[in-house]
Amino acid sequence: MMVLRWFVSQWLVSLTLLLYLWVGWVKPEKALMALQSGATLLGSVCLLVLAVMGLVGLVQVWISRDTVARLLGQDSGPKALLIAALCGTLLIGPPYIIFPLLMTIRKQGARWAVVTIVLAAYAVKLPMIPLEVGFLGWPFSLGRSLLTLFFAIPTGLIVEKMMEQSGR
Amino acid sequence: MLKTGLIYLVAIAIIYLFCFKEDAEKGRQSLTAARQTLLRMFPLLLSIFALIGLFQEFVPPELVHSWLGADNHFLSLLNGGLAGAVAIGPPVAAFPIAGSFIESGAWPPAAAAFIVSWVSVGVVTLPVEAHVFGWRFTLWRNAVTFVSALLIGLLIGGLI
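Top line first, the protein sequences correspond to chains U and F. Mapped onto our numbering, the consecutive letters of the first sequence carry residue numbers 2 to 169. Mapped onto our numbering, the consecutive letters of the second sequence carry residue numbers 170 to 329.
In short, the hints are calculated from the structure, not lab data. Any given hint could be a false lead.
As the list claims (entries may be wrong) - Coverage of chain U stretches by chain F, computed from C-beta distances (three or more under 8 angstroms per stretch; other residues unrestricted): (1) 117–131; (2) 141–148; (3) 153–166.
Every residue gets a Cβ at the ideal spot worked out from N, C-alpha and C, and that includes glycine.
With these hints in hand, go ahead and build the complete structure from the sequences.
As structure tokens, this is what we get:
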């Protein structure tokens, strides 16, 4: 996994470098302008990025994944679905860490709906909302987060239904 | 946006102060986790913003408009969702990219579908997900989530 992640990240970096080399060769003045507008954008959000990373660090340490796993495995009623939605918004980390964590919870007895809801609510990214607001504004960000949360539970129930049907 | 960033940064710093008072060891761990995440993301963030620069210089707004514009709602929504599903990259990057789409004339619901499916639908990570959960669950989850990404995008159009 480490190798894959390294490869993917390097892949994007190398693609960018190659594109810039090519553009710089063909149209140097446009490459410079592109670099400038990218740098301006980055400059305008660098403090926000720092703040969000600080928040990510806090969430990672103070809301431990073990606690989340314990919370999710305990209950199987409707309350579990709500807890799953809330936990999903707070979980941070790449999917290849979250997937095995959720499979562990599933093996401990959590419903498929819980697994799906966590993965759906995981798209809310609560700690990163300041960045989203910075780029897209409050109405967009708030609407998207609430709707994602709202859709998480039906998504989970549908997927669970499909899993049960195919299991027979 | 610098001012907003500063406000957030000060707020986070204050939270850190409280955390250090509560438990210095955990406070240090948080700082380390934050630094590691930042360092890991840094080359990626640089490339993403450099790519957005290229995008703004070379992709004409007409093109964005014809792919993601408000002329053909259904197609724009589908394109936004598909682009998000295929794309790989950290979730943080989805926001500036979607922002530059909208600036170039994309229909906001298409941009919203793009963000949601960027984060929660992964075509490239399908094999990884299937390895952990099995194919049946993986395919159903991604399919249902993709449809809900489109619906979320559509509803956002009604909200803003």
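Report task. Any hints from earlier that this structure breaks? Give me their numbers in increasing order, please. Result -> none
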